[in-house]
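Chemist: Take the given structure of chain L and dock chain U with the ligands to it, following the hints.
Chains as they are written, first to last, in this note's numbering: chain L, 15 to 586; chain U, 139 to 311.
Treat the hints as calculated values from the structure; they're not laboratory data.
The beta carbon of each residue, even a glycine, is placed where N, CA and C say it ideally should be.
Take these hints with a grain of salt, some might be off.
In silico BS3-like cross-links for lysine-lysine, where the CA-CA straight-line distance does not exceed 27 Å [claimed, not checked]:
#1 L:Lys548 - U:Lys159
#2 L:Lys121 - L:Lys350
#3 U:Lys241 - U:Lys159
#4 L:Lys282 - U:Lys159
If you want the ones that stay clear, here's a sample from chain U, every Cβ over 10 Å from chain L, calculated [said to hold, decoys possible]:
#5 Glu193
#6 Ala201
#7 Gln204
#8 Pro220
#9 Gly222
#10 Asp224
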Amino acid sequence: MAVAAIPRRETTVFRTCSATGLKVDVAAERLIIANAVAAVVALLVGGILALLIALTRWQAIHLLNPVWFYRLTTLHGIDMLIAWIVFFEVAGLYFGSTVALNARMVKPAIGWLAFALMVVGGALLNIVVLTGGADVMFTAYVPLKAHPLFYLGYILFAVGALVAVGLFFTNIIVAKAEGRYEGSLPLFVFGLVTASIIATYTLLSGAMSLVPAFFWSLGWIENYDAGFYRNLFWGFGHPAQQINLAAMVAIWYVLAGITTGAVPLNEKLSRLAFILYILFINLGAAHHLLVDPGPSFAWKATNTSYAMYLAVLGSLIHAFSIPAAVEVALRRRGHKRGLLEWLRRAPWREPGFSALVISMIVFGWIGGVTGVTIGTEQINMMAHNTMRVPGHFHATVVGGTTLAFMGLTYYLIPLIFRRELKFKKLAIWQPYVYGIGMAIVSVGMVAAGLQGVARRHWDITFTQAPFQSPVPGTVHLALAVLGIGAIIAIIGGAMYLIVVLASVFTGKRVEPTSPTLVIDPPPAMGYLSEEEEKDPQLQPRGTFVLVLAFLMFFAAYYLSNWWLLGRAWMVR
Amino acid sequence: MIAPPRVWWKPLGRLERSWFKLAFVWCIFLTAMMPLWFFLGRQNVPTTTYRVTAEQFQRQVDAFIQQYQVGTENGFPVVEPPPGSDVYMLARMWQWTPVLKLKRGATYRLHLSSTDVQHGFSLQPLNLNFMVLPGYDYVVTITPTTAGEFSVVCNEYCGIGHHLMIGKIIVTE
Ligand code: HEM
Ligand SMILES: [Cu+2]
Ligand SMILES: [Cu+2]
Chain L
15 MAVAAIPRRE TTVFRTCSAT GLKVDVAAER LIIANAVAAV VALLVGGILA
65 LLIALTRWQA IHLLNPVWFY RLTTLHGIDM LIAWIVFFEV AGLYFGSTVA
115 LNARMVKPAI GWLAFALMVV GGALLNIVVL TGGADVMFTA YVPLKAHPLF
165 YLGYILFAVG ALVAVGLFFT NIIVAKAEGR YEGSLPLFVF GLVTASIIAT
215 YTLLSGAMSL VPAFFWSLGW IENYDAGFYR NLFWGFGHPA QQINLAAMVA
265 IWYVLAGITT GAVPLNEKLS RLAFILYILF INLGAAHHLL VDPGPSFAWK
315 ATNTSYAMYL AVLGSLIHAF SIPAAVEVAL RRRGHKRGLL EWLRRAPWRE
365 PGFSALVISM IVFGWIGGVT GVTIGTEQIN MMAHNTMRVP GHFHATVVGG
415 TTLAFMGLTY YLIPLIFRRE LKFKKLAIWQ PYVYGIGMAI VSVGMVAAGL
465 QGVARRHWDI TFTQAPFQSP VPGTVHLALA VLGIGAIIAI IGGAMYLIVV
515 LASVFTGKRV EPTSPTLVID PPPAMGYLSE EEEKDPQLQP RGTFVLVLAF
565 LMFFAAYYLS NWWLLGRAWM VR
Chain U
139 MIAPPRVWWK PLGRLERSWF KLAFVWCIFL TAMMPLWFFL GRQNVPTTTY
189 RVTAEQFQRQ VDAFIQQYQV GTENGFPVVE PPPGSDVYML ARMWQWTPVL
239 KLKRGATYRL HLSSTDVQHG FSLQPLNLNF MVLPGYDYVV TITPTTAGEF
289 SVVCNEYCGI GHHLMIGKII VTE
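In isolation and in its complexed conformation, chain L is listed as follows (with noise of 0.2 Å):
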């Protein structure tokens, strides 16, 4: 990228998009697609080692020697749940803050040098690990130890997006003052800012973890207590994860909005579920410390429960308001009948319709689901640094957040980019293949956890080792299924970037002219009326049978797992 060649402005210069209407800063644009192209090139590189770490782990066929499947693990780990991520949503909160409210980036130069931060460091990121220099896995947990310039990457990187996250504030806040918008803030931008609340005290707490450990790499402290870097990697690790749901939550009710003309039904209620993600999300850093020696029992049932499982409590509210807003939604352009005549008239070949769907079934059912499951601070004995681990956050920031973020960006493209997308059957069908993929991943893993097995492990068979375990063919079957699934997951991601690639860089200069993909005319928003509020044709009724069934099944399986645990040995 030709960053250094882009000429800087002082004054601010809109455009007026001809789709929607909104006025763009050239400014802010310009940092937009820095970041979404820095974000496409790191899931690149993290796809394709996620083919080779997945093959790995296939026993039957146990690709990579040990060396190189720890190195490109960790690096796996690093440019997707890092790069990849924080790319992606320091674009979203760069749109959010401007063009989402035509308001202006208040300083893009202050824009570029989080971009160069955060380039720089997630360079020497790769090129340490890549180079040798750190087999430590992301979590980099002391006192095993990477050469400094690893914990250095990391620290410029975290300073890059603390930046960001700082100028996407002021950038609310200077337009507030400017008079750019009017009333509340709309819902995805609240949703953002409830991102970047809790982002800044994440990326605190992981410069508290990590700069002692840079000056113990540098032999400038000598002794860095094991489980207090685990404490504090957590406090970071944790809640950066539940940045990603609140600002993928946010772009969920994006892509209903745009897709079926959706609405939040109850703003009071979904504005309350994020702030309880506020509230109640720092605490989640226990779930990686349940079976940790050190805490007691009453600390850990507290922390791991988010006081009362409460942001649990905002995630299953936004699980039903946004399928019932999109519901109302397309009741309201006549498809009433029955409970679910809605469903099946939905736009299922707009592919932002079917990214919600799909990352809302894959986030909610599997991720959520396994994720409240092994949280549980007794559960968590059977499920520690077992595959059941990756397999739920497959599901999370995998399914449920990547496949949202793919989904946004075919709308980024002819909005931001201005430019047609191209390959758009490719772009149908690709949100299908990537989540169900995805799916198929994550079940494998889960199954292989269930039956004991490690994550991280380049051999359960244990050739080499003093004593071996019997793997059962059960446990041969689900690392296949994982394997056949991350086939298809690579696929889809390949479709995704070819798509992307292409029509970023190839496709035609245009205006866009409507907001969808597919549906022509694209769905009005609106607020319902007062009568049609009370109307019962227009009531949200299939949307309440489904979370009645997902309700049943989150019990089922959180109830078998408490009555596999009663079957163990007693340990206290």
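Modeler: The following block gives chain U with the ligands in isolation, referenced to the frame of chain L:
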């Protein structure tokens, strides 16, 4: 993305309210399960922890092995401590030592610690997992309820030989 209407703090719809109540009750249930199991359940996460240095722990383990060793297997000491006693297992790159021989139904205080980096104690195929950290003596009070041979897999990445690290616990009737 349109701005919300001027007045957006309206009461909830009927179905929304029902779902909200139901979800809240479910969250309370989830919360209640942990203390309930803590008092009534037989499998709870151990919390007893002592500070220990690598040298101290190594000495304790050496003394333990010396006292109760009954044989060797693949170069690892096999130790049969009396039922109900304190037993030790040491983690280091990339070994669990010693091999333990326990009695079904007896209760042991199993001390776990590491003399180098972090390791993960993963008892298979039972699938019970605990973290093993240097500097911490984690006491797992355990009562084997089934007999047989069990593996101790390391499931915290502990360096390039992580997949070589496997130990053994034998439970006899
Ligand atoms: C096609 C897509 C993907 C496949 C097939 C895949 C597969 C895998 C596999 C096989 C592992 C190693 C599991 C283990 O042995 O412990 C792994 C780890 C991981 N993946 Fe993915 N992955 C994919 C996409 C992603 C994405 C998009 C993200 C993040 C947004 C992600 C985040 C992670 C993380 C954080 C780890 C843990 C690394 C560690 O344990 O240190 N993955 N993935
Ligand atoms: Cu180990
Ligand atoms: Cu290990």
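Chemist: A separate judgement is required for each hint: does it hold in the structure or not?
Modeler: Hints, one by one, checked against the model:
1. At roughly 21 Å between alpha-carbon atoms, Lys548 (chain L) and Lys159 (chain U) fall within 27 Å of each other, so this suggested pair holds.
2. Between Lys121 (chain L) and Lys350 (chain L) the CA atoms are separated by roughly 49 Å; this puts the pair beyond 27 Å, and the hint is violated.
3. For the given pair, Lys241 (chain U) sits about 49 Å from Lys159 (chain U) by alpha-carbon distance, which is inconsistent with the 27 Å threshold.
4. For the given pair, Lys282 (chain L) sits about 16 Å from Lys159 (chain U) by alpha-carbon distance, which is consistent with the 27 Å threshold.
5. Every CB of chain L lies more than 10 Å from the CB of Glu193 (chain U), the least distance being 14 Å, so the non-interface label holds.
6. Look at Ala201 (chain U): its CB is around 21 Å from the nearest CB on chain L, clear of 10 Å, so calling it non-interface holds up.
7. The Cβ of Gln204 (chain U) sits about 21 Å from the closest Cβ of chain L, beyond the 10 Å cut-off, so the non-interface label holds.
8. Separation of Pro220 (chain U) from chain L is adequate, the least Cβ-Cβ distance of about 19 Å exceeding the 10 Å criterion.
9. The beta carbon of Gly222 (chain U) is kept farther than 10 Å from every beta carbon of chain L, the shortest such distance being approximately 14 Å.
10. With a closest Cβ-Cβ approach of about 15 Å to chain L, Asp224 (chain U) is found to remain outside the 10 Å limit, as its non-interface label requires.
Violated hints, listed in ascending order, are 2 and 3; each of the other numbered hints is respected by the structure.
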